[in-house]
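Those protein sequences? They're chains B and W, same order as listed. Heads up: take any position in the first sequence, counting from 1, add 69, and you land on this note's numbering. Heads up: take any position in the second sequence, counting from 1, add 4, and you land on this note's numbering.
Since the hints were derived computationally from the structure, they do not count as laboratory data. One thing to keep in mind: the hints can contain errors.
Stated by the list, open to error - A short list of chain B residues far from chain W (calculated; beta carbon distances all over 12 Å):
| hint | residue |
| --- | --- |
| 1 | Ala74 |
| 2 | Leu82 |
| 3 | Pro85 |
| 4 | Asp98 |
| 5 | Thr131 |
| 6 | Arg149 |
| 7 | Glu150 |
| 8 | Leu236 |
| 9 | Leu252 |
| 10 | Val254 |
| 11 | Gln311 |
| 12 | Lys332 |
| 13 | Arg374 |
Claimed, not checked - On the chain B side, residues computed to face chain W include the following (Cβ under 7 Å):
| hint | residue |
| --- | --- |
| 14 | His220 |
| 15 | His221 |
| 16 | Ala258 |
| 17 | Arg262 |
| 18 | Leu282 |
| 19 | Val284 |
| 20 | Pro326 |
| 21 | Leu336 |
| 22 | Thr360 |
| 23 | His361 |
| 24 | Ala362 |
No residue lacks a Cβ here, since even glycine has one placed at the ideal position from N, Cα and C.
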Amino acid sequence: MSVLAVESLRVKLPIPGGDVTIVDGVDYDVQPGEVFGIAGESGSGKTISMLALLGLLPEHSTVEGTALFAGKELIGMPRRELRDIAGRDLAMVFQDPFTSLHPMLTVGRQLSEHVRRHLHLDRHAAEERAVELLEDVRIPDPRAALRAYPHHFSGGMRQRIAIAIALACRPKLLIADEPTTALDVTVQAGILRLLDRLRREQDLAVILITHDLGVLSSIADRVSVFYAGRVVESGARGDVLQHPRHPYTRALLDALPHPEAAKERPLVAIGGSPPTPGHIPSGCSFHTRCTHAVDSCRVDVPELRAVSDRRLACPVDPFSA
Amino acid sequence: MSVLELRDVVVDYERRGGGHVRAVAGASLDVERGQIVGLVGESGCGKSTLARAAVGLVPATSGSVVFEGEPVTPMTRRARPAALVRLQLVFQNPYSSLNPRRTAGSQIADGIGLRTNAARTARVHELCELVGLPGVAASRYPHEFSGGQRQRIAIARALAADPAVIVLDEPLASLDASAQAQLANLLAALARDLGLGLLLISHDLAIVRHVADRVSVMYLGKMVETGATLPLWARPAHPYTEALIAAVPRPDGGGVLPESLPGEVPDPARPPTGCRFHPRCPYVFDRCLTEEPPLESLPNGRAAACWLAGIQGFRVI
């Protein structure tokens, strides 16, 4: 059974002079023990679609659609009830380990507060659980770490601590939003290995949001590619990233320097820049930057259809096998 | 002769409450015209400090920085020697390196030496075109541009001074893949077409591999390896270089987890004895604990600071 099943998720944010659509009909589901990757450029709605599930959007935002988490509907759930789920069964790790921890509280306080609130443990049991969690994410000397403040740790260690806090109540689902973007590659590799171990050992489901297709290539089981608030291609990692069929997925991959590619091959940048919310082109939102666009792309909004091994929102399908 | 030469540069920072931290502990580097030199290493290795010392933003405690045959003097309250405007710096964050209250064009024009307004305007348009910005860009304000475009404005502003060398400190970080690709191609074209020397500081090894002609790898304030990009990438001579390359995730959908390098960059105030990398090195042996390996020349213009580098049967390069 899916840990999370999202259907027709639509998010509108209030801006001066009306609402602007950020997420425009997104479907996906996440299975236990699976790393589900969400790729896309900044502004594609990746983060907003997650914040919508957790009720973390600004006031007067509109959220439509359904999101079933462990059999419960998250959308429209009263704030109190949502707060009990978020943080316990459903946890989130953010990009910046420098701002997601409280600078004035010890690591131990931040960890045990969380455990005590959700699991109702006493002080001693909470501390034991905190030590266990820090050991789990491989923080050396966890007992000393409990008494230290976030600024005593490097970026990679802080992100490990943020993950430890997120995992404190044994969540079923961890949403990790660009968890390694601010980190060195050496540290990034450690965090990815940590996530991989947790999903294998604890059957944790992970939604990994990143613009880095290298990261998704190495750890995701399935991948959805977001563009301008919609999913344009989705399927198994190997299918989508080794044989991309949507022109946007292919363009994203061509823009990356491949560690084994010939040096003479220039990087192929995508022309133009991603559309900003409120100024999404008609028809297929990628048509203005697409080298395969035909007349109908300017008019018809392509549907995300099942085609052989994946789902694809491109009727032209120039790279079909 | 190299247009920018750094020799045994040492940079100490004072620590509050006495003592000092040696951020750069004797590093050498050469940049030639038309060449892109990549400087890589983990955060905290001293690469940004070295970049700042290279343009005179921080004073070197010892060692020398020579640009076009003249020593680069640290910035003071007095005017900079005019010759040094040909050595430019582009910062990482294009959101804070541009003045939000002035148009892109007026900021680019700052560096232009021409006298008449008409000539300056013409030159601003030329520069905008050179970095791939639309002609109307000159009259717009920074907030009207995306991150990638802002970085182009910053590069156009550096180009306005007709530089021989531009030092770029993480210019591609914080950009989307596509904007990154556009900018990487632009840098390669500038070096090739204008004969500029570029010192590219980056933690993104894949991009550096793609655009740099030579690479220097820095660890805890010192160079551990330097050489032409492709041979260095194909057969790293230093275990740290090898670890950095193995940690880069391949965007091939292959499902292979990158190798992690255990441990952290040590505190530069208390570097380990012997080889600075020995606590994290998988090939460490007793000599590494006590003796620091010098940066030794290897065949084909390469150099590495490792007792095992170049030893037959171990690390043949």
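Cross-check of the supplied hints:
1. Even its closest Cβ contact with chain W, about 24 Å, leaves Ala74(B) beyond 12 Å, as expected for a residue assigned away from the interface.
2. Distance to chain W confirms Leu82(B) as a non-interface residue, since its nearest Cβ pair spans about 19 Å, more than 12 Å.
3. Residue-level check passed: Pro85(B) sits 16 Å from the nearest beta carbon of chain W, beyond 12 Å.
4. Interface exclusion of Asp98(B) from chain W stands, the closest Cβ pair being 20 Å apart, more than 12 Å.
5. With 12 Å as the threshold on Cβ separation, the claim that Thr131(B) sits away from chain W holds: the shortest Cβ distance comes to roughly 27 Å.
6. With a closest Cβ-Cβ approach of about 37 Å to chain W, Arg149(B) is found to remain outside the 12 Å limit, as its non-interface label requires.
7. Chain W leaves Glu150(B) outside its interface by the beta-carbon criterion, the shortest separation being 37 Å against a cut-off of 12 Å.
8. The non-interface label for Leu236(B) is consistent with chain W: the shortest C-beta to C-beta separation is roughly 19 Å, beyond 12 Å.
9. Some Cβ of chain W comes within 12 Å of the Cβ of Leu252(B); the nearest lies about 8 Å off, and the non-interface call is violated.
10. Consistency note on Val254(B): stated as away from chain W, yet its beta-carbon is not over 12 Å from all of that chain's, at 4 Å minimum.
11. The beta carbon of Gln311(B) sits about 4 Å from the closest Cβ of chain W, which is not more than 12 Å, so the claim that it is off the interface is violated.
12. Distance to chain W contradicts Lys332(B) as a non-interface residue, since its nearest Cβ pair spans about 6 Å, not more than 12 Å.
13. Non-interface call for Arg374(B) relative to chain W: holds, since the shortest CB-CB distance, roughly 22 Å, exceeds 12 Å.
14. Against a cut-off of 7 Å between C-beta atoms, the interface hint on His220(B) is violated, since the closest Cβ of chain W lies about 14 Å away.
15. Annotation: His221(B) was flagged as interfacial toward chain W, and the flag is violated, the nearest CB pair being 11 Å apart, outside 7 Å.
16. Taking 7 Å as the C-beta contact cut-off toward chain W, the hint placing Ala258(B) at the interface holds, the least distance being around 4 Å.
17. A least Cβ separation of about 5 Å between Arg262(B) and chain W falls short of the 7 Å threshold, and the interface hint therefore holds.
18. Hint on Leu282(B) holds. Least Cβ distance to chain W is approximately 4 Å, under the 7 Å limit.
19. Satisfaction of the interface hint for Val284(B) is found here, the shortest Cβ-Cβ separation to chain W being roughly 5 Å, below the 7 Å cut-off.
20. A cut of 7 Å between beta carbons decides the hint on Pro326(B): the least distance to chain W is about 4 Å, and the hint holds.
21. Evaluation of the Leu336(B) hint against chain W yields a held restraint, the C-beta minimum of about 4 Å falling below 7 Å.
22. Annotation: interface hint on Thr360(B) violated; nearest CB of chain W at approximately 13 Å, more than 7 Å.
23. Here the hint on His361(B) is broken, as its CB sits about 17 Å from the closest CB of chain W, past 7 Å.
24. Annotation: interface hint on Ala362(B) violated; nearest CB of chain W at approximately 17 Å, more than 7 Å.
Of the numbered hints listed earlier, those contradicted by the structure are 9, 10, 11, 12, 14, 15, 22, 23, 24.
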